[in-house]
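With this note's numbering as the guide, the letters of the sequence shown map in order to residues 1 to 381.
No wet-lab data here; the hints were simulated from the structure.
Just so we're clear, the structure is a prediction, and the values are computed from it rather than from any experiment.
Heads up, simulated DMTMM-like pairs for lysine to aspartate or glutamate below, C-alpha to C-alpha not over 20 angstroms straight-line:
{"id": "1", "residue 1": "195", "residue 2": "181"}
{"id": "2", "residue 1": "118", "residue 2": "106"}
{"id": "3", "residue 1": "195", "residue 2": "106"}
{"id": "4", "residue 1": "114", "residue 2": "104"}
{"id": "5", "residue 1": "195", "residue 2": "104"}
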Amino acid sequence: MAAVELYHYHPSFILALVALGLFSASTVVCLLQMIRCRTWFFIPFLLGCIVEAVGYACRVVSASESPDWTFVPYAVQTFTFLLGPSLITASIYMILSKIIIALDADIYSLVPVKVIPKVFIFGDAVALAAQFTGAGILINATSVSQQRTAQLIIIGGLAFQIYFFGFFTSVLHIVHSRIIDNPSRLSANLTIPWKRWVIVLYITCGLLIARSVYRVVEYATGPLGILQATEIYFYVFDAGFIFLVTLLLNIFHPRQLATVSTDDLQDIETVVVSPSKPPAQYQPPRTPPKYLQPPPYLPSYANLRNRGPYYHYPQSPYRTQSYIQYPPPLHYYQQRRPPTLAHHRPRTNRTYKSFNTSLSSSSSVVSIYNPQTGQYEPFRR
Numbered sequence: 001m002a003a004v005e006l007y008h009y010h011p012s013f014i015l016a017l018v019a020l021g022l023f024s025a026s027t028v029v030c031l032l033q034m035i036r037c038r039t040w041f042f043i044p045f046l047l048g049c050i051v052e053a054v055g056y057a058c059r060v061v062s063a064s065e066s067p068d069w070t071f072v073p074y075a076v077q078t079f080t081f082l083l084g085p086s087l088i089t090a091s092i093y094m095i096l097s098k099i100i101i102a103l104d105a106d107i108y109s110l111v112p113v114k115v116i117p118k119v120f121i122f123g124d125a126v127a128l129a130a131q132f133t134g135a136g137i138l139i140n141a142t143s144v145s146q147q148r149t150a151q152l153i154i155i156g157g158l159a160f161q162i163y164f165f166g167f168f169t170s171v172l173h174i175v176h177s178r179i180i181d182n183p184s185r186l187s188a189n190l191t192i193p194w195k196r197w198v199i200v201l202y203i204t205c206g207l208l209i210a211r212s213v214y215r216v217v218e219y220a221t222g223p224l225g226i227l228q229a230t231e232i233y234f235y236v237f238d239a240g241f242i243f244l245v246t247l248l249l250n251i252f253h254p255r256q257l258a259t260v261s262t263d264d265l266q267d268i269e270t271v272v273v274s275p276s277k278p279p280a281q282y283q284p285p286r287t288p289p290k291y292l293q294p295p296p297y298l299p300s301y302a303n304l305r306n307r308g309p310y311y312h313y314p315q316s317p318y319r320t321q322s323y324i325q326y327p328p329p330l331h332y333y334q335q336r337r338p339p340t341l342a343h344h345r346p347r348t349n350r351t352y353k354s355f356n357t358s359l360s361s362s363s364s365v366v367s368i369y370n371p372q373t374g375q376y377e378p379f380r381r
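Produce the complete structure using the sequences and hints provided.
Quick look at the structure:
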C-alpha cells in the first residue's frame, strides 16, 4: 500500500534504464568538452547532468524492486529531479552574460551583466528551497492534508521559478532585439556564432518553462490526476525536455566563450550635461593628432617653413627618412633677412664708377661708402 502511495503506478525498468544511459552519455560528453575547451563555467551544467543520472539510477533501482519498493531510492530521485534542472539553468545564465560581454552590449541589458548570474541563481535558489521543503513534507506525509500542503509549497516554488525564468527570457529577447536594431561595435565583426547560441537559448528556455508548467499542473491535479497516475507523461515532459536541453548544449557547446570574463567590459564614457551645453550639442572627443603640432605660444617671427621641425630631407643613400625634432632648435625660429641689396654688407675695393685712374698705383687707396651720395668714394690713407 505504501508503494502505491509513492508512485501511483508501476515504474518501467526499460524506460528508466534508457534515461539513465542518455544522461550518463550526456555527462561524459560534457566532461570531455569541458576539459578539452576549458569551459569551467559549465561546471553547474555538468553537475546537473550528474544529478539527473543519479536520479534515474535510483529510479532503475525502484523499478527493479517492484512491487516492494523501498523509501530511499524514491526520496533520492525526488530531490534530484528538482535539483538537476536548476543546476542546468545556472549555466544558461552564464552563457547569456558571456554573450553580452563578448558583444559589448551591456547597455542593452535590463540587468547589469555582472549580476545576471547572481540575480537569477538567487531566484532559482529560493524556488529550489521551497521545492525541497515541500518535497521533504511530501515524503514524510502521513495524511492527505499533509500531502496537499506539501504540494502547494512545491507549486509555489515552481511558480516562482517560472516567473524568474520568464524574466530571464524577456532579458534575452530585449538584448537580442536591441542588438539587431542597433548593432554594437563588436556584433558585426565578431567571428563567434553568437546568433546560433541565442537561438539555442530561446529553445532551451522554452523547454525548461514547459517542463516547469508540467510540474505545476502535475502537483496541482494531485495524486488522483492523470499526470501523476501515468508514467509516460513524466518521461515526455520532464525527462525528454531536460535531455533535449542537455543535447542542445552539448552539440552547440560555447567553447569560444571560455576566455570571456567581466574584465573584458568596456568603460562607458560619462557625459556631463550642463545648461550651457545641451545634449544635442554634445560632440564626442576627437582623437589626438597623429604627429605633434607646434605649440600655440610661438612668437610671430617664428620661421617654421625654413627647415623647421617638420623639414623633410631629400632622398639620399645616407638619409632615407624624415626626422622630427620636438621641440625644435631655437635657430629655427629666427627670422631670416630678406635678400635685398640695401641689406647686403658693402664690399671693399669695388668702386667701379667712382674709381679715379689718376691716383697713383703705389698709393694705398681704399673706397668707402658715402650714404649721402649713395656712391663709393676713394679714400687715400
